[in-house]
Amino acid sequence: MVRRRHGSICGSRDQRGARVNVLSVDLGTSNTVAVLAAYGRPPRVVDVDGASMMPSAVFAAEGGSLVVGRDAERRARLDPSRFEPNPKRRIDEGTLLLGDTVVPVTDALAGVLRRVADETSRQLGGKRPDEVRLTHPAQWGPVRRNVLLSAARQAGMGSNLVLVPEPVAAAAHFASVLSGGTPPDPRRGSAPTTPFPGQHLAPGQALAVYDLGAGTFDVAIVGATQNGFVVLAEAGLADLGGLDVDQALLEHVGRQVSHKDPARWQNLLRPMSTGDRRAQRALREDVRAAKESLSRHPQTDLPLPEPFEDVLVTRVELEALIRPGMLRSVELLVATIRSTGMAPDRLAGIYLVGGSSRIPLIATLIAEQLRVVPTSLDQPETAVALGAHHVPQEGITMRTSDISGTIDEVQRTQVMGPRTGGFTPQPPLAYPVSGPQPVLGQPPRPLVPAPTPTAQFAGPPARSNKKPFMILGAIVAVAVVAVLVVVIATAGGGSGGGGGSVAADQCGDKTPDGKGFSKCMRTLAGSVVDNNDCKAGLVLPTGTGDAIPAPGATVATCTLDSGYTIFYYHFASPDIAQQNVDAFLAGFGKKKDEADSGDWQGAGMTGKYYAVDIAMGIGAMLFTVNDSPVMGTLMKLTTGSSGQSLSEYFNDHIKPGSNG
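Counted the way this note's numbering counts, the sequence shown spans residues 1 to 660.
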């Protein structure tokens, strides 16, 4: 766990007492925002090309040079094939083909950062900042974070680079705004007058950060402690952002007008000539402008290229198009809050950040679904970059390229058992290399909210004499549960699918019996149910004993005397079971071919298993049934178990047909 202290860095000094100039950069999917705190003055947004936000766009000129920002957008009108408006969204691709030029993604991002660095240096009279802070999605794995660091070094930003998770920066900004410019300090007594009467973020309280940007949606629950901020849980959707709203509106307009000239409309969607590319770019810009206008007005006109007539679009139409996606984001927000054991109305607030959070429907849905009115500011695009300046230097340790969680770090971190109304910060696990990651950077703990108006939780844990294997066991259990909660929350409910080696008539009904098992789950569990302590729900072995909500799935937990725990799940479809496998392996930094995997068969059933050994014999294993919506997770959480490997123990005692 990386702990962050309250307090602004403006006016900070180095060890010799000299003023420290700090630049923070939020490199977004569509726009980049930079904030500079220089010569002891408060942080201010750096204007690049006369605007507070610079497009994160790149254009490959024929001579091989890269043009960025607004200049790139202007060049795109001449040759759109050489233009990439959202290089951050393509961070996993390695290279970009811009016209006939192959551009590494690192070079593209470095070009954007270099433009910011040059403008900052100009404003500092030729000097470079003493420290550069780069914000990033909390769920970015080490590969993506290293790409960002490499791009910053290539851009000439120096070696004193600091990575700040976006939700931590947003929470720091929220606390700063509520306290009138500086985060609350419990040693000062009462806080200054707040711009939001009745709201504050004091140590022991938590905040939900709802971040809808151009490319992705991210949600995080951030807690305030005496020492700063900690990320309690995070999740996200890779397929939801402002660009997806633009696409939905474009398709809606196409359904209205394309019949007039279907071939011409197809040329706009899939341009082959330079003229068509120019027309498509102009159309997409007008669609985006119309979307933004509908956040301020009930209707607007959308100009279209010839031979199509301009159309009138309304906010009601747009909201009908995007409501399903926005509901998914709110449902994930709810699931992430619940994964911490807190109730929405006990949070200090729900903070909207990201340019796309301006859409009025978002605040409406949150208020309807959670009975909490969210908080937003006039410029949600700048919240993250400004907030990074309220996370002090000593509170951040990710300064090198080796920033993934390691077993050594886990063993050095002291973890205490769960407390009533509290949380236990956990050390980071290895992040997956791509995709939105489910609540694995700081796995959620099942908690009982404190009986106070705002959910309370414990601060940094006291010293503990627990052995490293107990620490690892708790982390493994929390991480596995985190994967399940997020996957089923984002996949949605529905009737169970059947098939495979478990009878379809059994898997069509997810109704649980007294121990929490559907018929399909009991067939998979076999004698394990009869010979061990099993109960309904998703019950963390290191937690309070309360079941964690698992909407859309039937779940049962079995505790074995030999030190093993098993979760059995019945999902809505076999696809969701496979999503769990992928997320499980990614959460431990493994690919399928890197895990201890194999086929199993027993009692007329067949399936696969995937085992991960963490350290000192502690690990976890998922086992699936071919083409069926049921699966199980076997966890070995102590070194006091038998000397068998997970796969050996599964084959001897757990798989159908074994002795249970």
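To be clear, the hints were calculated from the coordinates, so they are not data collected in a lab. Keep in mind that the hints are not guaranteed to be accurate.
[Claimed, not checked] Derived SDA-like pairs: lysine to any residue, alpha-carbon spacing no greater than 25 Å straight-line: (1) 519 x 559; (2) 519 x 653; (3) 590 x 613; (4) 519 x 590.
Comparing the hints with the structure gives:
1. The straight-line distance between the Cα atoms of residue 519 and residue 559 is roughly 20 Å, inside the 25 Å bound, and the hint therefore holds.
2. Pair hint residue 519 plus residue 653 holds up; C-alpha atoms about 20 Å apart against a cutoff of 25 Å.
3. Taking the CA atoms of residue 590 and residue 613, the gap is near 11 Å; set against the 25 Å cutoff, the hint holds.
4. Distance hint between residue 519 and residue 590 is unfulfilled; the C-alpha atoms sit about 32 Å from each other, more than 25 Å.
Violated hint: 4 only; the structure is consistent with all others.
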